[in-house]
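Asker: Here is what each chain is made of, one letter per residue.
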Amino acid sequence: MSGEKVSEAGGPVAAAPVHRDPLALVVRFQSLIGLVVVAIGGIIFSPRRHGQILFLDPDNIANIVRAVSETGIIAIGMTFVIITAGIDLSVGAVLGLSSVVTASMMISGGFGLIPTILAVLVMGIVFGAIQGTISTRFRLEPFIVTLAGLQAARGLALVVSGNQYINISYGEGPGLAPPVFAVLGERLFNNTVPVATIVFIVFAAIATIVLNTTRFGRYVFAVGGNERAARISGVPVSMVKISVYAITGFAAALAGIVHAGQFNFGSANDGMGYELTAIAAVVIGGTSLFGGAGSMVGTVAGTIMLGALANILQLNNITPAMQLLATAAIIVLAAVLQSLVRRREGLGR
Amino acid sequence: MSAPLLVVTGAVKRFGGVQALRGVDFDLKPGEIHALLGENGAGKSTLMNLLSGVYTPDEGTIQIDGKPVQFNNPREAQAAGIATIFQELDLVPTLDVAANLFLGRELMRPGGFLDVPAMRNEARKRLEAIELAIDPASMVSNLSIGQRQVVAIVKALSYASRVLIMDEPTAALTVGEVDRLFDIMRKLAATGVGIVYISHRLEEVPQIADRVTVMRDGRVAGVTEPHAPQAELVRLLVGRPLDELYPERAKAPGKTLLSLRDARFRLAHESAGWQPPAGISLDVKAGEIVGLAGIMGAGRTELLSALYGTGLSGRWEGEVAVDGRPVKLDSINAARAAGIAFVTDDRRGSGLMLRMAVGLNLVMSVIRRISPFGLMSARRQADAIKQSFGQFDIRPKNPNIAVGALSGGNQQKVVLAKEILGNPRLLLLDEPTRGVDVGAKGEIYARLRQLAAQGLGILVASSEMPELIGLCDRIVVLRQGRNVAEFTGGVDEHTVLAAANGREA
Numbered sequence: 001m002s003g004e005k006v007s008e009a010g011g012p013v014a015a016a017p018v019h020r021d022p023l024a025l026v027v028r029f030q031s032l033i034g035l036v037v038v039a040i041g042g043i044i045f046s047p048r049r050h051g052q053i054l055f056l057d058p059d060n061i062a063n064i065v066r067a068v069s070e071t072g073i074i075a076i077g078m079t080f081v082i083i084t085a086g087i088d089l090s091v092g093a094v095l096g097l098s099s100v101v102t103a104s105m106m107i108s109g110g111f112g113l114i115p116t117i118l119a120v121l122v123m124g125i126v127f128g129a130i131q132g133t134i135s136t137r138f139r140l141e142p143f144i145v146t147l148a149g150l151q152a153a154r155g156l157a158l159v160v161s162g163n164q165y166i167n168i169s170y171g172e173g174p175g176l177a178p179p180v181f182a183v184l185g186e187r188l189f190n191n192t193v194p195v196a197t198i199v200f201i202v203f204a205a206i207a208t209i210v211l212n213t214t215r216f217g218r219y220v221f222a223v224g225g226n227e228r229a230a231r232i233s234g235v236p237v238s239m240v241k242i243s244v245y246a247i248t249g250f251a252a253a254l255a256g257i258v259h260a261g262q263f264n265f266g267s268a269n270d271g272m273g274y275e276l277t278a279i280a281a282v283v284i285g286g287t288s289l290f291g292g293a294g295s296m297v298g299t300v301a302g303t304i305m306l307g308a309l310a311n312i313l314q315l316n317n318i319t320p321a322m323q324l325l326a327t328a329a330i331i332v333l334a335a336v337l338q339s340l341v342r343r344r345e346g347l348g349r
Numbered sequence: 001m002s003a004p005l006l007v008v009t010g011a012v013k014r015f016g017g018v019q020a021l022r023g024v025d026f027d028l029k030p031g032e033i034h035a036l037l038g039e040n041g042a043g044k045s046t047l048m049n050l051l052s053g054v055y056t057p058d059e060g061t062i063q064i065d066g067k068p069v070q071f072n073n074p075r076e077a078q079a080a081g082i083a084t085i086f087q088e089l090d091l092v093p094t095l096d097v098a099a100n101l102f103l104g105r106e107l108m109r110p111g112g113f114l115d116v117p118a119m120r121n122e123a124r125k126r127l128e129a130i131e132l133a134i135d136p137a138s139m140v141s142n143l144s145i146g147q148r149q150v151v152a153i154v155k156a157l158s159y160a161s162r163v164l165i166m167d168e169p170t171a172a173l174t175v176g177e178v179d180r181l182f183d184i185m186r187k188l189a190a191t192g193v194g195i196v197y198i199s200h201r202l203e204e205v206p207q208i209a210d211r212v213t214v215m216r217d218g219r220v221a222g223v224t225e226p227h228a229p230q231a232e233l234v235r236l237l238v239g240r241p242l243d244e245l246y247p248e249r250a251k252a253p254g255k256t257l258l259s260l261r262d263a264r265f266r267l268a269h270e271s272a273g274w275q276p277p278a279g280i281s282l283d284v285k286a287g288e289i290v291g292l293a294g295i296m297g298a299g300r301t302e303l304l305s306a307l308y309g310t311g312l313s314g315r316w317e318g319e320v321a322v323d324g325r326p327v328k329l330d331s332i333n334a335a336r337a338a339g340i341a342f343v344t345d346d347r348r349g350s351g352l353m354l355r356m357a358v359g360l361n362l363v364m365s366v367i368r369r370i371s372p373f374g375l376m377s378a379r380r381q382a383d384a385i386k387q388s389f390g391q392f393d394i395r396p397k398n399p400n401i402a403v404g405a406l407s408g409g410n411q412q413k414v415v416l417a418k419e420i421l422g423n424p425r426l427l428l429l430d431e432p433t434r435g436v437d438v439g440a441k442g443e444i445y446a447r448l449r450q451l452a453a454q455g456l457g458i459l460v461a462s463s464e465m466p467e468l469i470g471l472c473d474r475i476v477v478l479r480q481g482r483n484v485a486e487f488t489g490g491v492d493e494h495t496v497l498a499a500a501n502g503r504e505a
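Protein chains in written order, with the numbering used here: chain G, 1 to 349; chain A, 1 to 505.
Rather than coming from a laboratory, the hints here were simulated on the basis of the structure. Note that CB positions come from ideal geometry on N, CA and C, so glycine has one too. Don't take every hint at face value.
To give an idea of the interface, some chain A residues facing chain G are shown, with a C-beta separation under 10 angstroms as derived from the structure [stated by the list, open to error]:
| hint | residue |
| --- | --- |
| 1 | Asn333 |
| 2 | Phe342 |
| 3 | Ile367 |
Looking at chain A on its own, in the form it has when it is part of the complex (with noise of 0.2 angstroms):
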């Protein structure tokens, strides 16, 4: 075993009042993918942030090949070899890969020209380095999130090349491009890149990681081995055994609420990248919860915002009834009349005023009810609070916090308990845990479960495969626009992986 690379001991950080380390201890080895697991709040991000110089420990020492260091600034700890990839990827869209590459340390011809061609050959250089075929010349912002992420990487090391810092690298990434990279960073550990990798998703950890360090409260919950039982990595992230991340099913599922046969979403537009229904029968009854499987663009995000009338501007062809009744889903008040809510994706860019109060959020999808002949009543407002507060236990229990304040779980269970109290009887939720931990996914699942044992139909789309597998009575799997199979929940996950597809399992 190589000497460590990077040695954290004893690390304590305050905010205020708020310990966000409680003396920490970390390594990293040369060559090594370290995966640093925890919810939120429980110190990761200020664990990273140390590391790459935003803060400075109050108390401990960071040492790197044995020596102790000090880092004022980012800039100081890239100097010291340390790169960090933050999730919001700090490139420049409108400008192409070449000058985000250089931004800031740009080739220059005498004279104090750019050197563009120059630049140019070097960035296609180390994009090729790394197998990656990515046109120096493209603009940002016309590459996927995960060529996005390939250049955020290969711009990192080109800053600092013995410790890289990952947050959350693959949250926004499809199943193909998250195998790509973690090619790619099995290949710079072999090069002997220290890679620190955070992430949220334990099924991914046994696939890349070395060494699993899990966080729990500002500590250090434990170290354990990558393959270590998914149970045990539960246990230590939320501290108490989770027996069941996944409610039981539902008995027997009532009546039909939604039915599509042969339902085809006829644009207005034809636009690339929106693949539009093209043929889906599928139905939803009361108390059942149905999944929607497919690779990335099979069209699970655009049948929900049809659906719901969010989605580009088109017509409904085949047959489309709620109840039985068949109904015209042209516009978001269509659906709304028909009982039909929506949870995005995208909870802070269209789910979530985020400057505005947790309360004032909750109330938003039944401001008509709360607001007789126009005036808002101030007793039904605060009643419909206190039933979203009793129906999801948000933290911290005040609704006067902005929402903005609030974790990505906590968040996610306002735009839940906002449309909840709405009284819908089909929602369409779309990826409802993306980026939520671990403790907030297992009482969203339960509270949907409950929710579909009163009545509520449910259709969710979602990317995270157990999750479908474990939350669903029934997954339909979707591809180009069409249902290809269905299955009935508690299915392996590599039958519902090979019909996305368009294998036989």
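Okay, chain G solo, but in the shape it has when bound (with noise of 0.2 angstroms):
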């Protein structure tokens, strides 16, 4: 309770409740609260086979999290764009777009993997800062403009890929990608670890900590909990701004990449709808649509949550109609709990 308390904390401490409200403690451990739910409820509704519960058989729980990897690296790039109050809906079509640049790099291009990885996060960063600029410059909706840029980079997926899946071989040569780039889709340590995953993994470390101890990452804060007033304190806000979008094209980018090295081929229509799952991701984990709130390893949980639901409901052969439902309530739950709290806080209605 003491000043030493935030100090300790280092990292920005979300709108604290004044006296131990216990919703505004479930609330702010919601998305980890809810993994451990869908955690319990896995293991209780899980088939069993000769007595083991196949929800937790170590390969089950290693594609749970190589599902999601895809996905989680886009929301955790999305969750910057929402503190800031921001939305990215162009990231679905930006992994697209970079499953394709990838593929045609390799294949057609004859590049190798260190050039075409670097070239495609670059491409990127680049579109997303494009998308940043423009909404800062012109004071335009990033809603618009990223639905401009979800249709552009689709569009130019499609320029690129010529409308055709392209696959990815492997070997020495022309047409042929390093036989490295498979190891996207593969497991290490003792074959039990998705390397997707671990990408996923180590991008949420490195965000956690930009986020909570960067200048950069208290910018972010800053720009979402009140524009007007970070920059009466000197915050450059639209260069803060035009970084988070440039954050989500560089997440999309490495989501492509891996989603090519995944499935060995780069198609324009990769990624449909990822934009949606990751906001939602992101949501479940607690991070405010108003911006200004928010947490990394929210977004995680909020992230494998979600996978993992889609998982047992699959074990039981439960029709994906019924996830969608069951996703749609989760969300709903999970907002509906933030605004509980927003008004108990009596900061809005």
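Please dock the two separately framed chains into a single complex, following the hints provided.
Answerer: Here's what the structure looks like:
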């Protein structure tokens, strides 16, 4: 309760409650609690084979964390944007574009692994930065700008791919990709931990540090907390906004590279709808769409929770339609909890 | 004396462990304007919400015309004749005046069509009944705050017409608008409406009230005459005599920090309602508090925001110098580089990140200083927060609370403390005590004077004349973007007002 408390945490303390309001605590850790609830539910409702709980099978767990790694990477980037009270709808399309460019650079272009990856990541950053610049320079809603960006990225992906699947075959020589690229679809440590998941977790760790311990991270919270107040305090608001869209662009490109590596092809339709899954994970993770509050840990937990939920439903042969309905219910629940806390703090209606 | 219209007896209201009202008695007579004063947290909002049906009392009774009543929701209070005008006027800015007046009770033509002409006619009649020339067809967003207030009154009276509760109706009004509002209130009272008038502004009480109830800590601290001396009201409000609301003045100011000579701000695009500096000459010296007086639209706020680079885009002409060196104050960065800090008049809109913790808000203007190599230093942040808490008595003493949960006075202390942390040499203040209770005002004045004594120069714009006169060493009067007069502190109010209005004293 003292000044030292802030110092220990170091990073931004998102609107801690005045008294220990149990509801506020629940909301603060809602995605972790949700993850635990889903895990317990998974164990209870999991089909068993020879007395083994299938849900807890190492292969199954690896599958869950692999399946969520691409949307997870995107959600990490999206968390920055949403904390500034923005939104980026272009990420799924940028993933598709990146996957296509990755495949075609290696297969048709004959580029090596490192130049390809660097070029795609730079492309993602530039794409995002352009969106951020347009949005700040012309004071346009990021919703509109990134909606246009979504169309643009899909269009570019179609142009690059010629509306064809670009298959990635491995080997030495022209028309073949370096075999090491295939590692993205594999597992390490005795075939347990998927490489895609490692990329996700490393990216999440870096993002957590950036958000909570750097000046830039603090600026991100400030811009979302109150843009005018941030500007008056000397925060370089436009630079911060452009940067967060560059980060989502980078994240989408990274996810696109992982996608190409996991599935061994690039297609202009890759990543369709990923932006919505990512936004859902961020919101379930407790980050406020109004900006100014949020956490990376929440986003990671939200991402894995959605994946685990889908997994249980699949294990029990429950239809995809039910999965959508379950996800919808969880999003609404997360949003309702947040709004209840806002009301208790007297900050909103 | 007529029988009371409304009587509250022994009202108690608890919220969890907090007792907001501890047995409050209150009464209102027909045709009476009863001022209800109290600092933030004194319980006046809770009492108002009991009367308007937002809350129900845990104990105690409410009587109307001697008959006990119970309101379970605002609609029932309205049905009993009690109308409430909250600070955030519940008008829809994108609809016209008539549509707002009839919102939810629209007049219809057969077939389910809106009868717009009938509503506009009726609206015009009601507005004219209190002599107000507002076109019922004009959009609410095009009205001044004062006009909106009147529309809200007319709307409230059309729901319920016996008791009118007004929550700080003058907070956002200009002097002229306040006078007009008071006229309207007196006229309504003359027709037998009882008015509960909630305010922070002590100086308005003798002008308008027939009786004053002062609340403190959930109780009635006293009921007095409106012409009771201000010191008596202050004593009731804060529970102790407040010998000096305003601190001692400075002795000898230091060297000139800010110097304007025929300074004009040329706008990139003309803008109606924004009075740019149009030839201002003034100095602010180290250790000095200089006030900016003037009527609404004289260009006080505009001068401050143009100096800080937050106003409309444009450029300075004439002479603008800081420390004797000419500077181009064309952006926030330029102003900050020159050692200038700015506290806006709109702390919720542009001063604070309401949902973020107090501590995070405090360090907002020194992020660069507390993040060597781009990494936030937890120690430096804690030191900065500790420094602010040492300087200002921010309550509660907890940097982890969302700043939006603090009272207005404490929020204002946070905004001030935040800018002070940046060690500015010149502080620009716009309405530094708007919506701040008397106790916090006293503390803010004392702190500003202390900072000035340490060499800070302060330029403060205020529409509260007693504040300027009590606080400032010198008062510069602006009119139409020019300085037209200058007085030393302690000058009498009428002289300043006359200069502001362009009349001889």
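Asker: Please write out, lowest number first, the hints stated earlier that are contradicted by the structure.
Answerer: none
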